[in-house]
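Chemist: In the order they appear, the protein sequences are chains A and B.
Be aware that the first sequence starts at 0, since it is given in numbering that gives the first Met the number 0, and climbs by one per residue.
Be aware that the second sequence starts at 0, since it is given in numbering that gives the first Met the number 0, and climbs by one per residue.
For the record, the hints were derived by calculation from the structure and aren't laboratory data.
As the structure is a computational prediction, the values presented were derived from the model and not from experiment.
It cannot be assumed that every hint is accurate.
Facing chain A, from chain B, some residues (calculated, C-beta under 7 Å) [what the hints assert, rightly or not]:
1) Y9
2) T79
3) A86
For lysine-lysine, the following DSS-like pairs were computed, each having C-alpha atoms within a straight-line distance of at most 27 Å [to be verified]:
4) K209/A / K2/A
5) K7/A / K238/B
6) K7/A / K239/B
7) K222/A / K292/A
8) K301/A / K7/A
9) K209/A / K222/A
10) K209/A / K238/B
11) K222/A / K259/A
12) K7/A / K28/A
13) K2/A / K222/A
14) K239/B / K209/A
15) K2/A / K28/A
If you want the ones that stay clear, here's a sample from chain A, every Cβ over 12 Å from chain B, calculated [claimed, not checked]:
16) S8
17) E117
18) R137
19) L247
20) R255
21) P293
All C-beta atoms in this analysis are idealised placements derived from N, C-alpha and C, irrespective of residue type, glycine included.
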Amino acid sequence: MDKAILVKSLVKRFGALSALNGVTFSVTKGCVFGLLGPNGAGKTTTIRILTGLTHPDSGQATVLGFNMAEENLQAKARIGVVPEVSNNYEEMTALENLVFSGELYGVSRTERRGRAVELLEEFNLADRAGDTVLGLSRGMKRRLTIACALMHRPELLFLDEPTTGLDVQSAHQLRDEVRRLNKEGVTILLTTHYLEEADQLCDTVGMINKGVIVALDSPERLKASVTGDRVVEVSFSAPIHDRELELLLGVVEVHRLGDKYRITFSGEVEPVSDLVDYARGRGLRIAMLDTLKPSLEDAFLKITGTAPDEVRREKEQQKQRRMDA
Amino acid sequence: MMDQFEKALYIARKDIRVYYLKAPNLTYGLLMPLALYLAFGVSGNLATTTLISGLVSLVVLFGSTSIEAVAVVSERTTGTFERLLTAPVTLRWILLGKALGGSAFGPVLAILALGTVTLLSGANVAGPIAVLVAVAVSSFAFACLGILASAYSKWIPEAQMYSNFLRFPMAFLGGAFIPVESMPEALRLFSRFLPLTYSIEALREAMAKSMPTETYLLDLLVLAAFSAACLLWGERVLKKRLG
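For reference, chain B alone in the conformation it holds in the complex (with noise of 0.2 Å):
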């Protein structure tokens, strides 16, 4: 088993060499949220913590789905995805090397907008570890989704709008521009299905709070669980579609 967690590793590696660049992930990675943040965030009436705890994890979901996007489909495409299949790794630690490459690119963004947005507006950042184990489980899990979003597509375009179709309903109902608790109780019901709602939600319980509260540790499962639930579902279609 270590054998096979120091090839995901090698994986990961080598997937921040190759994608991190790549001008899909720029652009949704962080113009994206940014862009919908100007345009639904900013001008709503949203407590500081709230908006900046939906302006990371915003930061979060696309950056990390987006690596996602392109370092799956682009290399069964391109024929280095096969490289793999063929090394002594199975695909369920292939796919933990992905999301693992993929989930180190939302944390760095994300630190980059959580500086900026906190210097700017003064804000203060009660349990600062507490935040950035939250950005870590949460850019896991969004690394996962975009893994299993490219399971489904044959292309880089099929893969992004996979990713859309699931991450801009998910912007506007887990709680990125509207608290969730102020939303309708049937789309509150709906919001605890997204995991960008127990993102947002972690995050906003570790900038206010010094110490992990419980709704913050049941975030972060819950994340967690989520990350296993998609991964598998990805390694299950995959399997499939690669015969």
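In isolation and in its complexed conformation, chain A is listed as follows (with noise of 0.2 Å):
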């Protein structure tokens, strides 16, 4: 069996909430999985059934060929779980902690210590060993959870949120984690709210919409499914009037970045040689073109209708930055 996962129909139900409606997708072995959504879509509650904290009202979860409603004990003992709030014992030192997560799954008694040492150096921890948790920094806290989810070797890893709250160095070194751990053929299932690092990881990616998947494809395919306006970045060898370019056919927008322009047609133009012709008729010289393809937030934003908090964000800050420039 090539599947990691297998998730067929499942409906959970929180009162009057309908928190899945039928979601179904399958993981393949090997890969790496993003669950991706707005708050509120259904990721957590897919999760917390792939990892056996709660039960479907109705569907099935099979997890490395283990049916979760009857056999989940022994899909738990080969799989990794990362919450989205790391959960080590803060009285408890680093090592304890982990050497604690060994215990639970079973790891032998004379490769425990071996194997939290050599996870401790793996993740940068070990001159922090003997520390108690509460005076780690959140990055390593967060690499402590992941080391602690790792000490049992497992086949598949869930990572929920992996990155958030981190600063952008300890982010980094985490997504490097991240493809080592997929490189030695763990598979991974990770929920993120940042949509590059899901382009970054992902080799494909499920999107999740009020309880249901409404996407499921490599990045690459989903952001080639977008279709509509077109962006273009340009710059001319002189300096020209940006009413000029709002007049050519099919311009949406245009806005100035500097000394380019970054002009958005609707998608029925050719908006290069558009350029170019108006670029030639102007007798300019163009110095830098350069064709924005959609990206992964574009696709996001289309088939959900509705942007992560994260994405809201950085698009007011877009917004922002355009005002002032």
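Relying on the hints, combine the two individually framed chains into one complex.
Modeler: Dropping the structure here:
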């Protein structure tokens, strides 16, 4: 069986609220799968079902070949779970936390300590092994949570918002760790608000909205599926008037960004040839021309019709920057 | 099953490491029963064995339930309980591990209290091993009661409120300050539904007689059944709450 996860028609209700309305997807062994969606879309409920924390009202979840309704202990022994909030015991040291994880997952007595030390080194925590978790930084706590989830060498790792709240450097280190683990053969299912992160890490992305999977494909194919407005950045050999660009056929909006222009064309026109014609007509040389491809964020917005908080914030900031410019 | 039991023991050891020195445990576990006893017990005309068995049972009751109120609820609020739930160990064994961890605290305090009081009063303990067994069984029963209280709670203060709701009436009606025999018929009947009554009775029997009596064994049996009922009830409540 080449499927690490097989989810069929999951339904979960919390009173009147319907959290999952027939979620269906599968994750191939060895891949990095991103589960994306706006807040309250059903990501966490799906993960909670897949990790045995809750049961669906109907539908079936199979993890590493084990039915989560009947054989969840066997599945739990082979998966690692990193929740959104780091869940280390703050009164215990980093080393004790790792050893405790080893005990819970049945890592042999002889192997436990050695594996813990190995992971402390791997996650740059060796010099803090004897410190209680209370004194560690947020990034270190996050790394320790991941290390704890890896004590028993799981085949499948669930990462819920792994880099949320981390500084740039820690987030970068964690992304490298995810890539390395995947290279070693660990299947990874991650949820993230950062679409750029999903784009960089995931082989396949499942977009969930209102408890239903609305898109399931590779990031590149999802981006390619976005049609409509086309964005071009162009810079000319001499200054021009913004107004002239606005008068070109099919131009939706023009933004001046320093010495270049970001022009949005409607989907029906061919922007490059129009711009070349425009430059020739005025005796200008094109210094730079770049066609911007739709991002995963564009695909996400188009498919779900909603932006996660971070995307929304980023968009507002971009708008503000444009206005300032 | 052995594998699950081993994991329950690891959870118990972790709880001992993490929760024993928390302030609420020390205040509720040792100071509260001592204060209650100084206020209500010492001034009464109780026989020494009744006095000592009452105090020791109270220490065990408050010590064990306090640990569980903190150990289960605080883990649920910090998210560490989910760490246990995602591990290959069932909720029943997790709760058993927690009850074992919580029940190790009571005996430590009880031995301290028992040693001090017997030394001061010069009282004789006829069956020391039977006393220790009664303390251990009582402690486990009260830890299971703490688990049940915490299963219904979202926050530590809520768990402590439920615990106190159970502990204080029990302290007065379980025979710690007033012997059950001297209570009115209705209260005497009511006291038979309280685990503290059986704990005090078992301890009193063990302190007075060198060989375990029928009453003593029956008391332990009732406490064991009470523990199992609380644990299973707590498991059921938590399962429902966790969805």
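Chemist: Confirm or reject each hint.
Modeler: Consistency of the hints with the structure:
A cut of 7 Å between beta carbons decides the hint on Y9/B: the least distance to chain A is about 4 Å, and the hint holds. Of the supplied interface hints, the one on T79/B holds, with its beta-carbon coming within about 5 Å of a beta-carbon of chain A, less than 7 Å. Because the closest C-beta pair between A86/B and chain A is about 4 Å apart, less than 7 Å, the hint holds. Annotation: proposed proximity of K209/A to K2/A holds, straight-line Cα distance about 25 Å (limit 27 Å).
Among the hinted pairs, K7/A with K238/B is consistent with the structure: their alpha-carbon atoms are about 23 Å apart, no more than 27 Å. Between K7/A and K239/B, the direct Cα distance comes to roughly 24 Å. Compliance with the 27 Å bound is thereby established for this hinted pair. In summary, the hint linking K222/A to K292/A is supported, as the alpha carbons are separated by about 8 Å, within the 27 Å threshold. For the proposed pair K301/A and K7/A, the alpha carbon gap of about 25 Å is at most 27 Å, so the pair holds.
Between K209/A and K222/A the CA atoms are separated by roughly 21 Å; this keeps the pair inside 27 Å, and the hint holds. For the hint linking K209/A to K238/B, the alpha-carbon distance of about 26 Å falls within 27 Å, and the restraint holds. Simply put, K222/A and K259/A have alpha-carbon atoms about 25 Å apart, close enough for the 27 Å limit, and the pair holds. Between K7/A and K28/A the alpha-carbon distance is near 17 Å, which keeps this suggested pair within the 27 Å criterion.
In summary, the hint linking K2/A to K222/A is supported, as the alpha carbons are separated by about 25 Å, within the 27 Å threshold. With a C-alpha separation of about 24 Å, the suggested pair K239/B and K209/A falls inside the 27 Å cut-off, and the hint holds. For the hint pairing K2/A with K28/A, the CA-to-CA distance comes to about 5 Å; that is within 27 Å, so the pair holds. The claim that S8/A lies off the interface holds: its Cβ sits roughly 18 Å from the closest Cβ of chain B, which is beyond the 12 Å cut-off.
Under the 12 Å C-beta cut-off, the non-interface status given to E117/A relative to chain B holds; the minimum distance is some 20 Å. No Cβ of chain B comes within 12 Å of the Cβ of R137/A; the nearest lies about 14 Å off, and the non-interface call holds. No beta-carbon of chain B is positioned within 12 Å of the beta-carbon of L247/A; the least distance is around 55 Å. Non-interface status of R255/A relative to chain B is upheld: no Cβ of that chain comes within 12 Å, the nearest being about 48 Å off.
Remark: the non-interface label on P293/A is consistent with the geometry, its nearest Cβ contact in chain B lying 37 Å away (cut-off 12 Å).
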